[in-house]
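Visitor: This is what each chain is made of:
2 protein chains.
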Amino acid sequence: MDTSLETIGQQATAAAYVLGQADTAIKNQALLAMADALLTHQDAILQANANDMAKAAENQVRQVMLDRLLLTEARITAMADGLRQVATLPDPIGEVVAGWRTPNNLDVKQVRVPLGVIGMIYEARPNVTVDAAALTLKAGNAVVLRGGKEAIETNIALSDTLRQALVQVGLPKDSVQLLHDTSHETANALMQLTAYLDVLIPRGSANFIKMVLKTATVPVIETGAGNCHIYVAEDAAIPEAIAIIINAKTQRPSVCNAMEKLVVNQAIAPTLLPQLAQALAPYNVTLKGDAQACEILPDIELATEADWGTEYNDLILAIKVVSDIDAAITHINRYNTKHSEAIITNNYQYSQQFTKQIDAAVVYVNASTRFTDGFEFGFGAEIGISTQKLHARGPMGLPALTSTKYIVNGDGQIRA
Amino acid sequence: MDTSLETIGQQATAAAYVLGQADTAIKNQALLAMADALLTHQDAILQANANDMAKAAENQVRQVMLDRLLLTEARITAMADGLRQVATLPDPIGEVVAGWRTPNNLDVKQVRVPLGVIGMIYEARPNVTVDAAALTLKAGNAVVLRGGKEAIETNIALSDTLRQALVQVGLPKDSVQLLHDTSHETANALMQLTAYLDVLIPRGSANFIKMVLKTATVPVIETGAGNCHIYVAEDAAIPEAIAIIINAKTQRPSVCNAMEKLVVNQAIAPTLLPQLAQALAPYNVTLKGDAQACEILPDIELATEADWGTEYNDLILAIKVVSDIDAAITHINRYNTKHSEAIITNNYQYSQQFTKQIDAAVVYVNASTRFTDGFEFGFGAEIGISTQKLHARGPMGLPALTSTKYIVNGDGQIRA
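Chains A and B, in that order, give the protein sequences.
For the first sequence, full-length UniProt numbering begins at 1 and goes up steadily by one.
For the second sequence, full-length UniProt numbering begins at 1 and goes up steadily by one.
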């Protein structure tokens, strides 16, 4: 094993032990000190970011990546505000999740504890460095960060700043560690550092996450891709349906909870689709459709089989016409990524059937899929949106960064 | 990919969809029909087991393995009773785990749902076939079973019996599938069947589970090895300490919650150890110790570094003498498998410190480690004891075989 990773793992474990016992007040002090330090060291951080940006431009990195990489004063202020916000959240550690007395008089308590050491592996955005450090710290965990190589100078400047703030309040600086070596070999070794890492959380594109799942032996929380559908039943109120579709498709098309597919009942399609096409026109949404949709909207492109499984993350919407709700559910369960799905209906039975039979982290009746978000859900934070079924599903707040342990108080009980 | 595994995966997914919607009554009917069928088909099952036993004897399989493999009328009756017991347990599916209203009037409910398709991979014991089928079914999941090759005829007879019972009550027979091909290649392919399996639960020796963790790309729930310690503080009541140690070490030494190590404060060691050695004498426990323990008990063997990390699963106990509770906690956290640890003390501060600082699924004050068990905890069932921190920790009952989904009811909300 790589010696430096071995050292990083040992340091993280030692820091996690201290953080696991740290009281809420000191963790909050650390978060506020981190916020202050980001502003104090703003010039150095912006300089490091300018170096990364220059290198990226040299290497002809795509514009969308450059946008993600760029830091500004406003973005640093936003990061600092984020840290202060996390300081205001309730501390999940120590919560008694359940408790009972057994027939032989043992008092059993299930208590929330930190996970321990969390690995975060992500692509260009340097704000993940600060977000991840804040949330893992508040939940009493040490974190090992591995960001993209394009952002390495920025990430070093950010993590050094955060580590100095930790030392200021008397917490171990190794509560937050960043891999300075951004080689693939070291990333792969981190994904297999089972002796020290309790969990690995990848953030990035669908392909990136697939690669991590393939390589990692450390347990992974899969965050993710969203091929989100809205089904419009035959009884839907058309103005409401159109308002929700416009919102879900256009309000922020690049994110995972944006709508990608419209499934529409054949009884309402001839009325809905022309009105929808007209309403979407100002938003520059490219429409595609199956044969039936193309009959109603002759100007749109015929969707291919590949379309149904694709997350566009763009102003494209593919339309599938179905005979009934059963066909809608079958189609959605076949092609969705188990993220967020919605039905527009005023039919009670449909609403029940859809929410029960659709397999997804979040299922909506008469609302936009865009609400799948830790802040919208009221968690006050979000480490990602889990699309797996183990450990955490849907928007993940601080409790997703914790485990539990049982504490059993007895008075000499032995097993018969 | 292996075509037959592909087919098995598709069949399991289809069955899981039906089970996910099945009501409690029909799942319970299936469990009772399975219990009846085991008794009806007892002769065929015992014959299949006799064939496995004969082959195993030919292949000079060890006696302990033969004991695990053997079925008797009594063991089949016990399996049937187990199925009936699971039928009496509350159905976890549909439970509203949490629910709230957001500021914009969305009603959010977090509802318990099945995991989907569960892979179980295990060694010789054929009762796991029946236990796993019962628990996964009750929690609304389909299961794909892969038992040891020594038990293949027995497992086929058992799973065929269970599948017939499923058909009788109108549930899909593919709710329970057994891999008839027991090759390592097929087992490895099952561990990587991410397109169909939501989770993989291995049951078996520590080495077996390590191998599964290495090979699997499907998320694994690690069940586990137990290198369990009891720390006796300097103030402990000696008769209570001895009673707990005898119970934890000797009541069933082969299981994971049995005690493996005694850590004892140096102030009480000279009094405790001779009395303990005398009390343990009738139980044929081999004692080992560090240098200090060997000074007090000159007849015992000196423990090596390897001893401290070893789960003996046998009538062996290694003794470590420490200067204080901090040294005890450091030693235990270094060598334990994060399963079950206990302190014997009447000191309030020690009890608090030990339960907070020890990193383990279950931490006891003044009770035997042998209580770490789904039945003893009152779960009415146990699919295993998780020694990982993700998803489930400690004894796992039916809820460990579930996930949740969010159902969000709106009236036209769009995101601002």
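Hints listed in this document are in silico derivations from the structure and should not be mistaken for laboratory results.
No residue lacks a Cβ here, since even glycine has one placed at the ideal position from N, Cα and C.
Where hints are given, some of them may not hold.
What the hints assert, rightly or not - List time: in silico DMTMM-like cross-link candidates among lysine to aspartate or glutamate, alpha-carbon distance up to 20 Å: (1) K149(A) x D107(A); (2) K149(A) x E58(A); (3) K214(A) x E234(B); (4) K149(B) x D23(B); (5) K356(B) x D107(A); (6) K109(A) x E6(B); (7) K109(B) x D373(A); (8) K173(B) x D23(B); (9) K356(B) x D181(A).
To be verified - Non-contacting residues of chain A with respect to chain B, defined by C-beta distances greater than 12 Å in every case (computed): (10) T77; (11) L89; (12) N247; (13) A306; (14) D307; (15) S323.
What the hints assert, rightly or not - Example chain A residues on the side facing chain B (calculated, C-beta under 7 Å, incomplete): (16) Q60; (17) Q63; (18) V64; (19) L66; (20) L390; (21) R393; (22) P399; (23) S403; (24) D411.
Visitor: Which numbered hints are broken by the structure, listed smallest first?
Guide: 1, 3, 4, 6, 9, 12, 16, 17, 18, 19, 22
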